[in-house]
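Please arrange chains B, W and Y on chain E, whose structure you already have, making use of the hints.
Protein chains in written order, with my numbering: chain E, 1 to 397; chain B, 1 to 397; chain W, 1 to 397; chain Y, 1 to 397.
Source of the hints: derived by calculation from the structure; they are not laboratory data.
The structure presented is a predicted model; accordingly, all values stated were derived computationally and were not measured.
The list treats identical chains as one, so a pair stands whether inside a single copy or across any two.
Subject to a maximum C-alpha distance of 25 Å in a straight line, what follows is the list of computed DMTMM-like cross-link-like pairs (lysine to aspartate or glutamate):
1) Lys244 - Glu314
2) Lys115 - Glu87
3) Lys244 - Asp220
4) Lys115 - Asp196
5) Lys195 - Asp222
There are 4 protein chains.
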Amino acid sequence: MASSLSTKPFSSTDALSAFASLNPDLRSFSPGYLRLSLRPRLPKRLQIRAAGSIYGNHFRVSTYGESHGGGVGCIIDGCPPHLPLSEADMQLDLDRRRPGQSRITTPRKETDTCKIFSGVSEGLTTGTPIHVFVPNTDQRGHDYTEMAVAYRPSHADATYDMKYGVRSVQGGGRSSARETIGRVASGAVAKKILKDFSGTEILAYVSQVYNIVLPEDLIDHDTLTLDQIESNIVRCPDPEYAEKMISAIDAVRVRGDSVGGVVTCIVRNCPRGLGSPVFDKLEAELAKAAMSLPATKGFQFGSGFAGTFLTGSEHNDEFYIDEHGNTRTRTNRSGGIQGGISNGEIINMRIAFKPTSTIGVSLISSLSVFITISFTHHTDTSHPDMFTDIFHSAYSC
Amino acid sequence: MASSLSTKPFSSTDALSAFASLNPDLRSFSPGYLRLSLRPRLPKRLQIRAAGSIYGNHFRVSTYGESHGGGVGCIIDGCPPHLPLSEADMQLDLDRRRPGQSRITTPRKETDTCKIFSGVSEGLTTGTPIHVFVPNTDQRGHDYTEMAVAYRPSHADATYDMKYGVRSVQGGGRSSARETIGRVASGAVAKKILKDFSGTEILAYVSQVYNIVLPEDLIDHDTLTLDQIESNIVRCPDPEYAEKMISAIDAVRVRGDSVGGVVTCIVRNCPRGLGSPVFDKLEAELAKAAMSLPATKGFQFGSGFAGTFLTGSEHNDEFYIDEHGNTRTRTNRSGGIQGGISNGEIINMRIAFKPTSTIGVSLISSLSVFITISFTHHTDTSHPDMFTDIFHSAYSC
Amino acid sequence: MASSLSTKPFSSTDALSAFASLNPDLRSFSPGYLRLSLRPRLPKRLQIRAAGSIYGNHFRVSTYGESHGGGVGCIIDGCPPHLPLSEADMQLDLDRRRPGQSRITTPRKETDTCKIFSGVSEGLTTGTPIHVFVPNTDQRGHDYTEMAVAYRPSHADATYDMKYGVRSVQGGGRSSARETIGRVASGAVAKKILKDFSGTEILAYVSQVYNIVLPEDLIDHDTLTLDQIESNIVRCPDPEYAEKMISAIDAVRVRGDSVGGVVTCIVRNCPRGLGSPVFDKLEAELAKAAMSLPATKGFQFGSGFAGTFLTGSEHNDEFYIDEHGNTRTRTNRSGGIQGGISNGEIINMRIAFKPTSTIGVSLISSLSVFITISFTHHTDTSHPDMFTDIFHSAYSC
Amino acid sequence: MASSLSTKPFSSTDALSAFASLNPDLRSFSPGYLRLSLRPRLPKRLQIRAAGSIYGNHFRVSTYGESHGGGVGCIIDGCPPHLPLSEADMQLDLDRRRPGQSRITTPRKETDTCKIFSGVSEGLTTGTPIHVFVPNTDQRGHDYTEMAVAYRPSHADATYDMKYGVRSVQGGGRSSARETIGRVASGAVAKKILKDFSGTEILAYVSQVYNIVLPEDLIDHDTLTLDQIESNIVRCPDPEYAEKMISAIDAVRVRGDSVGGVVTCIVRNCPRGLGSPVFDKLEAELAKAAMSLPATKGFQFGSGFAGTFLTGSEHNDEFYIDEHGNTRTRTNRSGGIQGGISNGEIINMRIAFKPTSTIGVSLISSLSVFITISFTHHTDTSHPDMFTDIFHSAYSC
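Bound conformation, chain E alone (with noise of 0.2 Å):
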C-alpha cells in the first residue's frame, strides 16, 4: 500500500489525489530508502540513460552517492603527481559548501569530514585517481515523508521519475544539492594546480539578492580577496550591501519564503589562450560548467545582456599597449574571452540562480527553508575543476 503512493507514474491523474489521500503511517514505510516506481519492466530494449556522473577530459572527476546512501565523494583522474595535497586542502572548501553555517542557510547540521582514500603519498600526489570520501552524518529521513508522495514542484522529483522510473526522495537524489561535494572536492585540488602553476585564482560572491542589486563598480576586482567574501554571512564582499542582502532574506525568511540571485565569478591571471576558435569556446565551456550546477538559471560574461544595449562603436574594447609592452583591453567588455580565447584579462561571468524552490508553504510544509545563498559554498570552487581542464586541453603547450 505504502509502494502504491509513492509509485504514481509521471502522467497520472491522481499524483495530486493520491497526496490527498496521505496516510499519516506513510513514515513508518522503509524510511531510510529510495522509492522505486512500480512501473511495469521495460521491454527487452536495452536502454541510454547516462546518469552524465563524469566531467572532463584530462582532469576528469566521477562523482557519486546520494543523500540517503552511506555518503558521497568523487574519483580524479588525471591530477599531476607531486602536488602537495591533503584532507585539509579540500576541508576548507567543503566546510564552505557546508549548509546550516548561519541564520540564513539551511539549519542542517552536516560535518562533511572527507577522507582521502588513494592516489596520494606521503602527502603528494602520485598520478593515479585521487577517491575523496564524504560520509553522511545527517540523512534525517523523516523530513521527507510528505515527498515520497507528490511531486515538488520545479523539482527534478517528477523528471527523474520519468526518465528513470525512479522516485528521488528524502533529498536522496543525485539532485540533492549533497551532489556538489565532489565537485567541492575536486575544485579544491584544480585551485591548486592552477594557483601553482599560472597564479591563477577564480572568486566568486554574491552580488544580487532578490532586488538588492550590488553595483558592478563597488568591487574592485584586480584587489578582491577570498577574506572580503567570507568577511559576512551572504558573502557579499561589500559590507553594507551585505547588510542590505541580509536584512532582505531575513524579511522573506520569517514568512518561510525564499529568494534568488546572482554570483559573479571571476578569473585572475588567466593564462592567454584557453579555448578554441569554434565550438569548444572558453565562453562555451564556462557556461556549461555554470550551468550544470542545481538551481541556475542564466549565464553571462562580459558585457553580457546589458551590452546588447549599446550600440557597437559604444561597445568596442579597445587594445591599447600597458607600460609592460602587452596588449591590453581598455574596457574588457569582451570579460576576458575574444573569439573564443582567452586574452589575459579578467574573465567575469555571473550566473543567475533561482529563489529555491522547496519552501515552507504549500506541498511540503516540513521542510526547512533552503535558502538560495548556498549557492555561494560551492561555485567558486566547483568551477575550477572544469577550468583546470580547459587548461589542461589548451595551455599545456
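Only chains B, W and Y this time, still in chain E's reference frame:
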C-alpha cells in the same frame, strides 16, 4: 617588408605604430593568403592546440574551411540511414543564414550553394558520413587589407595570433561568420531527424534589437510559425516591433555604427527525459551550444535573470494534471527543464549577441557594416545539431 | 639516505649498484608508502599525464586504488535503473579473481569483500553511479622491500617512474594485478545486463599453458558451461588437458619459475549489428579491451594468425540459410564479426599472457611466485564491461 | 522488380535463390548507386548507429566517402600550426597505398590525386582543420552487378545490410578498401609531426605471405630503411624472401585464388612515457588501431604468442645501463612497452591479415582478384595517425 608589418607578436609595443606606417603598396603582397607570424619556430615541444572543430557524441559534426580558401563544409557522422535528404533541404537554411539579403545586413553577395559529396544515395541517407561542401565565391581579399596590419578590437585576431602564431586576416580565420555554414548544413539534417522522430521543432526569432525590446507576451509560443518569423527582414514575428527594430538599425547604420540584440529560441514538442541529472544537464548542454556561436555574451532559459527578482513562492512552477491526464506545469518558469531533464513543456532560451565590433570607424574604415541581425541567419538552424545529439544520447532508449 | 636509494632517475648509471649496496635496514624507512623520486620539481609547465582510469562511453567505469592504500574500487556510471543487484553478484566473480585459491597461484590470503556504497536501493539499481569498494586486508609491505631499490625487469616500475617520477613499489602502483578488482566488479554488473537483455554470455577458459596446447576441437563452444571451466584449478574445461597443464605448472613452480599461456574467450548469443564499419570495428574495441589487461602480449579472433596459412578459397566463410531461415556462416572463420560488425555467430578470441616476470630468482628473491594462471581470475569478468558499452552504443537502436 | 532482387532482408531464405534467378538485365537498373533495402521503415524510435568515422582525441581525423560517389577524403582537426605541408607529402603515401601498381595486386587504375582544401596557407599549416579530398576516377559500376544480389562471403555486405538496412554494393560501402585513403592522408601528416618532434619513424613490411615466413633475425630493425622495403613489389626488405613470396602469390593468383599474411610494423625512436597504466595502455591503443584496418585477424607485440612457450626466467627482459648511462632492456621481449608505457626501445608489432575473400570463384566470378598484399599499401601510413594522438595525449608534458 610586408611580412614585417603583418607579423607583430602579441605583446609588441608597435602594433599600432606599424599601422601608422602602413605602406599603400601592401595590398600587392600575396593578397589572397593568410599571413603567418614570423615568430621563431617554437622549441621541439609537441603542442596541443586543438581547433575544437568537432561537435557531438552520436550525431557528430566536423567543420572546416575559411573564407580565403576554396570553400567551407562539414562531415556529419552518425546520421541514421533511410532519411530522405537532398541539397535542397540544406539550401533553404543556408539561404536564410546568408548575409546580404536585405539593406540591414552586410551587402556581400555570396551564393553559398551546397553540394553533398557522400553519405546519400538515391535521395536517402546510407548511414555513412555525409560530406557537404560550399564553395567560396566572394573572397574580396582587397577589402581586408588593413586587417593585415592591426588587430581589430573585440575580434579574435589578437587571441588567435597569440595562441596559434597565425594572423587571421581577410576574414579568413575560423572565427569568420562563414564558419557557421557547417553548423547550418548539419543543423538542417538534425532538424529533419527531430521533426520526423518526435515532431520536435526549434524556432528562433529576434526579441530585442538595441533598445527595442519585444514584450514577451506578444508572441504565442504554442502557435508561432516560421512564416511569421520570416515575414520581415529583421525576423521578429510581431510586425509592429519588427518595424521599430528596422528603424533602430537604420538609425545607427547611416552613421556607420551597429547594434546588438537578443534572440529567443524555443523547442516545441520536446520529448520528456532529455538530459541527465549532474554534469550533463540539458540546460548546460544548451548553454554550451548557444555560447559557441560567434558574438554571444549571455544565455538564459525559463525565468532566467528576471526570475532572481521573485521570491520562491512567486517563482514556483506548480504541477497540474491536464485534460489528457498528463502532468504539466502551470507557469513554465522552469523553461521546460527541471533537474537537468526536459519535462515536455516548451524549452525557451534567450541568447544575447553583442553589437558586432567590425564597425566603420576607427581602424577598419573600408569594411562595410556587419549588422548584428545576421545572427538570426544561423541560430535557429545551428541549435538543432546540438539538440539532436542530446536526443540521441538521452532518448534513444 | 633511504630516499637516495629509492629515487634513482630512470637513466641513472647506478640503479643496479644501488641495489648492490642494499642496506638491510631499508625496511625501516616508511615501509607502508610509495616512494617518490626526488628529481627536481618540473618547471612550471602544466603536464598532462592522464592515468587513463576511465573506460567506456555509456556504461562508464572509473577505477581507483592501490595495494598499499585503504582499498580499491570503482564507480559505474550509466548502469540502467531497476536492475536487481547486490554485493553477492559481484562477490562471486571477485572470489574467482582472487589469487591464492590453489597451490598453483600466488599464496596471498586476500578476502576481497566488496561493499556497494551508492546507486542501489532496496536491491535495485537506481540509475545513479554505483560505487563499489573493496578494502585491502593483506598489505604485506615487508615483502616488497627490495623493489624499493631496483626496477623489476619486465615490470612497470621503470616506465612508471620515468613518466610520473614516482616509484611504484610494494605492489602499490596501479600496475598491480589488484587494479583488476574494479574491472571484475563492474564486469559482474555488465554480465547481468547482457544476460538479461539478450541472453548474451561471455566465457573464458585456459586453452594453453606453457607448451600444453588444448586442441581447439575438444571444446564445444555451443554447450560450454561455467561449471566445466570451474571444475579444476587451472580452469581448462577439458579434464585431461587440465591435468597436463597443472603438471606443467607444478614442474616450473618447484624451481621457482613461472609460465604463461593463452586464454580463449567466447561471446555466445551476441546480437547482430554490434560495432561500426570504420575506426570502431567490434574487433578493434575487443582488442583494446583485451590488451588493456596486465601481461597480455597478443590478441586474435576467428581464424587469427593461423588463417594466414590458408588461401582465400580455403578461408572463405560461406553463408547458408539454416532451418529457421536465418543467414548463418558455415565455418565461423570470421569469428563472429564481418566488416567490423557482429553477425550473430559466436565471437571467439584468443589472448596471449606472458609468463609473469615476478620470478623467484635474480633480483627479487623474497617475492613468492606469481603464477600466470591468475589471468583466468579476471579475463572472463573484465571483458563484459567493455562489451556492454559496445552493446549500448551499437545496439540500443 | 530490380528492387525485389536487391533488397532481401538479412534472414531471408531466398537470398541465394534470388541470386540463381539473376536477370541479365539487372545492370540496367540504376547502376551507379547504392541499393537500399526495402524493409519497412523502422518504427519511430530514434536509432543510434554511429558510423564510427572519427578517430583520435587531440589529432582527430574524420573520414568520409565511398567508391561509388564523387570521392573520398578526411578532415584533420588539431594539427599544430606552422608545419610545412603540401599535397606532395600525402601523395607519396597515397601512391604507395594505391592498388594496381604491379601484377600481384588488383589491376585497378586509380590515380588517387589528393587536394588540400583548407588549413594550409603559403605552405604552412594554420592550426585550422585540414580538408583533404581525393576524387574517384575508376567507378566501374558494371563490375559489381552481381553483388547487388547475393551477400559476398566473409565480406561486410550482410552485416552492413542487417545493421543499417543498406546494401553495400559496387565497392561502394565504407568497408571498401578505398576507405583507408583518409587514413593514409592523415597518417602522412602525423608522420611529419612525429619525425619533426622526436625523430620517431614508423615502418612496416611484409614478414609472411601464405606459408613463406621471413625469419625475424634477417631484418635489423635498427637500420631498416623505407628504401629497403620499397625495393620490391611485395615490400619485404629481404630480397631472397621477397622472391619466394612473389612466387607464392603468383602460384595462387594463376588459379584465381588469394593469400594472406603478416605485416611487421616497428616504431623507432619512440619517446619514453607514452601510454598510461590502466585502460589506455599503449599496447591497447595500438591494438585497436591495427585491428581497425580491414581484413585484420590478429595483433601481437614483443614476444607475442610465441612468448607463451617460454618460462618466466627465459622470458625476462633484463635491464642494463648502456654506454650513455641510459636504462635499457636486453631482449626487448617487452616490445618497447612495459606496464602500458613505452620504455624507449623499438616497438614491434605483428598484424595478421586474412586472405582477401573477394575471390574469383564461387559467387562473384566477374570480380578481379584482389590480392591480399594490398595491405602493405596502407599499414605503415595508417598507424601514425593513431600514434600521433597517443603522442599528443601522453607526451606533450
